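Peer 1: Please put together the full structure from these sequences, using the hints given.
Number of protein chains: 2
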Amino acid sequence: MVCRSGLDPVDGALRRATPSATDERVRSVLGIVSSRLPPAAFLVGSDVGDGYRGDATDEKGALPPVVLRPATTDELSLILSACNDLRQPLVLQGGRTGLAGGARPMEGELSLSLERMKRLSPVNVDAATIVAEAGVTLQEVQAAANEAGFFFGVDIGARGSCTIGGNVATNAGGIRVLRYGMFRAQVAGVEAVLADGSVLSSLKGLPKDNSGLDLNHLFIGSEGVLGIVSKACLKLWPKPVTEANALCVVPSIDAAQDLLVRLRQSLGSLLSAFEILFPEVYAGIARGGFAAPPLPLPVTGGYYILTEIQGQTGDSDRERFSEALMDALDDGLASDVVVSQSSRDFEGLWRLREASNSFIFSLSNVVGFDVSVPAASMARFLDRAAASVRAIDRHAETYIFGHLGDGNLHYMVRSPEHDALADAVLTAAAEAGGSISAEHGIGLDKKPWLSLVRSPAELAAMRRLKRAFDPHSILNPGRVFDLEPSHAGEKVCP
Amino acid sequence: MVCRSGLDPVDGALRRATPSATDERVRSVLGIVSSRLPPAAFLVGSDVGDGYRGDATDEKGALPPVVLRPATTDELSLILSACNDLRQPLVLQGGRTGLAGGARPMEGELSLSLERMKRLSPVNVDAATIVAEAGVTLQEVQAAANEAGFFFGVDIGARGSCTIGGNVATNAGGIRVLRYGMFRAQVAGVEAVLADGSVLSSLKGLPKDNSGLDLNHLFIGSEGVLGIVSKACLKLWPKPVTEANALCVVPSIDAAQDLLVRLRQSLGSLLSAFEILFPEVYAGIARGGFAAPPLPLPVTGGYYILTEIQGQTGDSDRERFSEALMDALDDGLASDVVVSQSSRDFEGLWRLREASNSFIFSLSNVVGFDVSVPAASMARFLDRAAASVRAIDRHAETYIFGHLGDGNLHYMVRSPEHDALADAVLTAAAEAGGSISAEHGIGLDKKPWLSLVRSPAELAAMRRLKRAFDPHSILNPGRVFDLEPSHAGEKVCP
Chain W
72 MVCRSGLDPV
82 DGALRRATPS
92 ATDERVRSVL
102 GIVSSRLPPA
112 AFLVGSDVGD
122 GYRGDATDEK
132 GALPPVVLRP
142 ATTDELSLIL
152 SACNDLRQPL
162 VLQGGRTGLA
172 GGARPMEGEL
182 SLSLERMKRL
192 SPVNVDAATI
202 VAEAGVTLQE
212 VQAAANEAGF
222 FFGVDIGARG
232 SCTIGGNVAT
242 NAGGIRVLRY
252 GMFRAQVAGV
262 EAVLADGSVL
272 SSLKGLPKDN
282 SGLDLNHLFI
292 GSEGVLGIVS
302 KACLKLWPKP
312 VTEANALCVV
322 PSIDAAQDLL
332 VRLRQSLGSL
342 LSAFEILFPE
352 VYAGIARGGF
362 AAPPLPLPVT
372 GGYYILTEIQ
382 GQTGDSDRER
392 FSEALMDALD
402 DGLASDVVVS
412 QSSRDFEGLW
422 RLREASNSFI
432 FSLSNVVGFD
442 VSVPAASMAR
452 FLDRAAASVR
462 AIDRHAETYI
472 FGHLGDGNLH
482 YMVRSPEHDA
492 LADAVLTAAA
502 EAGGSISAEH
512 GIGLDKKPWL
522 SLVRSPAELA
532 AMRRLKRAFD
542 PHSILNPGRV
552 FDLEPSHAGE
562 KVCP
Chain G
72 MVCRSGLDPV
82 DGALRRATPS
92 ATDERVRSVL
102 GIVSSRLPPA
112 AFLVGSDVGD
122 GYRGDATDEK
132 GALPPVVLRP
142 ATTDELSLIL
152 SACNDLRQPL
162 VLQGGRTGLA
172 GGARPMEGEL
182 SLSLERMKRL
192 SPVNVDAATI
202 VAEAGVTLQE
212 VQAAANEAGF
222 FFGVDIGARG
232 SCTIGGNVAT
242 NAGGIRVLRY
252 GMFRAQVAGV
262 EAVLADGSVL
272 SSLKGLPKDN
282 SGLDLNHLFI
292 GSEGVLGIVS
302 KACLKLWPKP
312 VTEANALCVV
322 PSIDAAQDLL
332 VRLRQSLGSL
342 LSAFEILFPE
352 VYAGIARGGF
362 AAPPLPLPVT
372 GGYYILTEIQ
382 GQTGDSDRER
392 FSEALMDALD
402 DGLASDVVVS
412 QSSRDFEGLW
422 RLREASNSFI
432 FSLSNVVGFD
442 VSVPAASMAR
452 FLDRAAASVR
462 AIDRHAETYI
472 FGHLGDGNLH
482 YMVRSPEHDA
492 LADAVLTAAA
502 EAGGSISAEH
512 GIGLDKKPWL
522 SLVRSPAELA
532 AMRRLKRAFD
542 PHSILNPGRV
552 FDLEPSHAGE
562 KVCP
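Heads up: the sequence lines are chains W and G, in that order.
Everything in the first sequence is counted per my numbering, starting at 72 for the first residue and increasing by one.
Everything in the second sequence is counted per my numbering, starting at 72 for the first residue and increasing by one.
It is worth saying that the hints were derived from the structure and are not from the lab.
The model shown is predicted, which means the values in this text are computed figures rather than measured ones.
It cannot be assumed that every hint is accurate.
Said to hold, decoys possible - Some chain W residues near chain G, calculated using beta-carbon distances under 10 Å:
(1) L149
(2) V270
(3) K275
(4) D280
(5) N281
(6) H288
(7) G439
(8) S506
(9) L530
Don't be surprised by glycine CBs; every beta carbon is placed ideally from N, CA and C.
Peer 2: Here it is in structure tokens:
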């Protein structure tokens, strides 16, 4: 049964990579995998590049001795079944663009990368769906939808490298949630593989199906702790006929919220994005040259709103957008507005929004939080968080930007006091009735604060799910929550 | 601790209702409940009305000896904890309007009714949400939304008696799924109580929250087998400025589908309903006088489409609707069209659609199926199902109507051969890549056919969930699936 050809050199490479006697288990996994799957299905020792040590966060983890790289669901199932039998823990890796450390390997883990599962079905025009394997990038799905005359509802900065498996597993959000919803709302069905290798397939993409328990939603946003999303059937939307965006300056966060309410009322479902750059972020982009000069609006000390519409009826949509913005200007909700007049303007304004990431990444010693807060308590949250930050480090610099249309702010602080700041900002978000992780997930890095927003009963329910679906805890162990509630990593809400 | 007052009369009533020695367990449950909760929290013996014997299907179950009726989440938790400790099985009852027998009591079960949990929060205008307890009716939510200037996205015929707990637990659908989605899409969060009495509360209603595993979706559409939905935070939509509907006659099912594609393209998100009455249903309504004469269009032998728009921009929406329908008429997609010109017309056309239910309920010996099928295989499904029905009973009469916009048809057959017909019609739906229960759920009545559309791995995953959340199987036991796969109730796909 077991084909030995190719095993010895692999074994030799592995012995050099993991020479200790405790690695017998790794060698057993590799023995099974190398005897049953082609050589491309695994990387060993020096073939494992440094990129497998983590995600888009600065902190890197252990270099995994082996990267398992299935190309099909059957290969994935075989790998999982072997690892489950041998109790071999795995870190799951997609595009490794996460911001919560979920894909950062811990000592003793092998990497399971979905990077070779790259098949993308043709668009099903009747059903307005497309089926993608886990390793297909978001950009590839967007392009395929576009080519078939459709639109995909989620967009995030990492579109070129993030992958559908990770997008589903982390319930990615991004810039158009207020129109299209989170990634969860784009999913018509998933194929998932459990730790024991069993495959759950639900790719029919029916808009209505109450035939037994829904299993799709178990895996959406699960961060890989319950099973591995190997394929997803994704919903597509009609391609917009009109797209336009605008940059506005508003004097305060209250004015920004008033402008949002106004645009929602006057534009309804035309409104597709409502992003904010706080004054310090816009000034930083200008100062550092992160967007091509001249900037569309001068640096004023105000708050900058990038808003967008997508419509189906052409010029009349564009007119409604301009009118709504001019009314806001007349009524003093905004002090200045520039509306895109060409696709070049349109792209330019979006690049300005994306420049906020480049600006933030250029700074050293920054700790970032991804919070969401109900509109009614936004101002209170910002005041309390600012006061707490000042109390911890009066030299701290705060840079805030993000998706105000969803109440979701990326709250970045430049200061060495990372842990104390996390306690302060995340507690303020929790006390405001908000989320400590609106779209980035919990992974390893936000786990200590999860109990600020989830009750002991909820955490116990998460553990029930983990034990039911991954009883030997081989899938992303220790991510999101620990199996034992008394673990030191779980803080008690102050 | 235990207050004995009131227990003895209760105990006496129960002894009369369930005199056997095996009912010691029921008396123990009632002992705990009657000592800790007010008398309104339970009905015993002759106080238990016949309505508790079932749902909206003809078949009635055992009369439960006790109906447990908590008024608050705390009371519900106490009741569940007691029943779990004593291993007392419960049938869960909301508005008892289901069509799959899920709320039909089996021998030995007590009823747990949510009918006294009736609190409805004020609308949260900032967040566009409302929080309802399980026993609030759908119509009460619709009315509260309307009063606050919002719209609730789901409507079904049972609106006046079905309740939010049941709507969430069965993922109700109805007439506007193509615009607003199923009930699942209306839920911003739930409070659920597990079999052991622990309460999982997620009622913040944040549009973006990836803080740990989502637990809401576990309970949506779970038909009560994993926990009890005690409250739901529901999303509201902007109230439409324009509503209009129209009745069209089309010559064939293919033409009906072409009309749907055409209206989707020309009306986009304006389109809010697309319902069909097959020729035999329209003729039956006319013949039986189930709609007030004169009917808006004569009986022609064609297929009747009731379609609706909801818009935000007034007369221009109405004009687009009329133009799209006139174009369809000009192009021969429809042979006759009548568009509502007043709210009286509008209501009248909807009453005509609802008359299909009255007509069907007036017939004896009818077995009904609630299937959905992908658009591309709809014609094939209808041909195959019709041939199979004829082969089983050449005198069978078939009546079809429903939500063609979602591929969801209510397929009703008048014939004594209920089981053979179920095998035939549900197999045809499954072979067409469809669902054997699009919106009604599985309950007791569709359970034998679940394995036509769900794999052994999926059924095993459902059992894992059941064992994890209700290890003593006290919540709706035997509904949806059996705990043991070899159970005779589970058919093998032919």
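Peer 1: Taking the hints in turn, state whether each one holds.
Peer 2: Comparing the hints with the structure gives:
1. The interface hint given for L149 of chain W is violated, since its Cβ lies 15 Å from the closest Cβ of chain G, which is over the 10 Å cut-off.
2. Given hint, V270 of chain W at the interface with chain G, holds; its Cβ is 6 Å from that chain's nearest Cβ, closer than 10 Å.
3. Checking K275 of chain W against chain G: minimum C-beta separation of about 6 Å stays under 10 Å; hint holds.
4. For D280 of chain W, the interface hint holds, the least distance from its beta-carbon to any beta-carbon of chain G being 4 Å, beneath 10 Å.
5. Nearest Cβ of chain G to the Cβ of N281 of chain W: about 5 Å, under the 10 Å cut. The hint holds.
6. Against a cut-off of 10 Å between C-beta atoms, the interface hint on H288 of chain W holds, since the closest Cβ of chain G lies about 3 Å away.
7. The interface hint given for G439 of chain W is violated, since its Cβ lies 15 Å from the closest Cβ of chain G, which is over the 10 Å cut-off.
8. Hint status for S506 of chain W relative to chain G: holds, with the closest Cβ pair at about 4 Å, below 10 Å.
9. Interface restraint check: L530 of chain W against chain G, minimum CB-CB distance 8 Å, threshold 10 Å, status holds.
The structure shown violates the earlier hints numbered 1, 7.
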